[in-house]
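2 protein chains.
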Amino acid sequence: MASTQFNAEEIEKLDKQYRTQLINSLTGFKSLALIGTADVSGKTNLSLFSQIFHVGAHPPLIGLLSRPNTVPRHTLENILEKESFTINHVKSDFYEQAHATSARWDVSEFAVVGLHEEYLDSFSVPFVKESHIKLGCELREVLDIQSNGTHLLIGEIKLITLDDSFLEDDGFVDLEAAGTITVSGLDSYHHTSKIGRLPYAKPIKK
Amino acid sequence: MASTQFNAEEIEKLDKQYRTQLINSLTGFKSLALIGTADVSGKTNLSLFSQIFHVGAHPPLIGLLSRPNTVPRHTLENILEKESFTINHVKSDFYEQAHATSARWDVSEFAVVGLHEEYLDSFSVPFVKESHIKLGCELREVLDIQSNGTHLLIGEIKLITLDDSFLEDDGFVDLEAAGTITVSGLDSYHHTSKIGRLPYAKPIKK
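Those protein sequence lines, which keep their order, are chains A and B.
The opening position of the first sequence corresponds to residue 1 in our numbering, with each subsequent residue numbered one higher.
The opening position of the second sequence corresponds to residue 1 in our numbering, with each subsequent residue numbered one higher.
One chain only, chain A, in its complex shape (with noise of 0.2 Å):
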């Protein structure tokens, strides 16, 4: 099979789309959520991320990357000022409404993209009811990436809801029985299918 190679020169010199098109899919198949958020006043917003990621489970903390605030960022303001966000798994049987909040709306993206806020526990900003794994979320820490200016958030896991047929034994939650898809790239969405599960890994004793 032929094979492309890039160097530092000709990734810098390549199309702006397309290079983002390319860089977007170099990391592999991303975490795919939307983040509930509301501001003070309580105006809700619905933002779909891929850049969410585990940080580890004692305290069990989440972080998502949030790009420059230069220009409006509803779900980073809106994160600072109340210091709470949810999680809300992404299924293929609204993922085009998920897609949808991508938008640049002068409204809620809840009031327009046809999913629907749900309120649980002592939380005052929004889960999605069609959300079938939904994560409440506090505000631990925000780093400041000082090579392109974008923000990292910490979370601190105060809430699940997930649907427990999908709940293993060993704490496992079978996330493609569950129906959670995956994206690659920017616009590339996907269902999974296993192939297996491996156990922890030990050296080989010779």
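No lab work stands behind these hints: they were computed from the structure.
Possibly wrong hints are sitting among the right ones.
If several chains are the same, the list does not tell them apart, and a pair holds so long as it fits within one copy or across any two.
What the hints assert, rightly or not - Calculated cross-link-like contacts (lysine to aspartate or glutamate; reagent style EDC-like; alpha-carbon spacing at most 20 Å): (1) Lys13 <-> Asp121; (2) Lys13 <-> Asp187; (3) Lys13 <-> Asp169; (4) Lys16 <-> Glu83; (5) Lys202 <-> Glu96; (6) Lys194 <-> Glu176; (7) Lys91 <-> Glu176.
From a predicted model like this one, the values you see are computed outputs, not experimental measurements.
Following the hints, complete the assembly by docking chain B onto the known chain A.
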């Protein structure tokens, strides 16, 4: 469908292993890649990571989360020493070898798991010969996450090598056709099946 809810107090009380499995599942499907490094003496290391994420395309930046440096973390130490590392996508035909790098080996993982070193361009750190999408990165920034002592490494992509049959006209890389796999939880590996690509989201004009 019955749903299960865990509040903060219940999460806190979960058995440690159960909580590790549960929290690791909640971020959704994750990026998966082998990180290739070397120390100054030339001893190589290969380690499987799932906490890899897109940071930006201009400049081309990738983030990598490393656990605290309280036990030997060769990948972290090597990256801090040589300020460069490689990211190598994983296919199903070598995912068991990739998983085996997670064990605590005294020698280089390359010597024992059956994957081979490859050196490209001016990089003095090893790429994985068997991998179909390989990135050479230089360390740009290190951020310390106070909440749990993990370290976030930001790398700039300086070299991209991939099979050109998976590179589309707009720069999108068809990772599914290329055979890149994804992971959920700690140990569950998955192929993907495409749902579709969606056009750039725009508000609906009334």
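Here is how each hint holds up against the structure:
no. : hint              : in the structure
1   : Lys13 <-> Asp121  : between (51 Å within a copy, 18 Å between copies)
2   : Lys13 <-> Asp187  : neither (23 Å within a copy, 39 Å between copies)
3   : Lys13 <-> Asp169  : between (52 Å within a copy, 16 Å between copies)
4   : Lys16 <-> Glu83   : neither (34 Å within a copy, 27 Å between copies)
5   : Lys202 <-> Glu96  : between (42 Å within a copy, 12 Å between copies)
6   : Lys194 <-> Glu176 : both (8 Å within a copy, 14 Å between copies)
7   : Lys91 <-> Glu176  : both (10 Å within a copy, 19 Å between copies)
This entry does not satisfy hints 2 and 4, going by the numbered hints stated previously.
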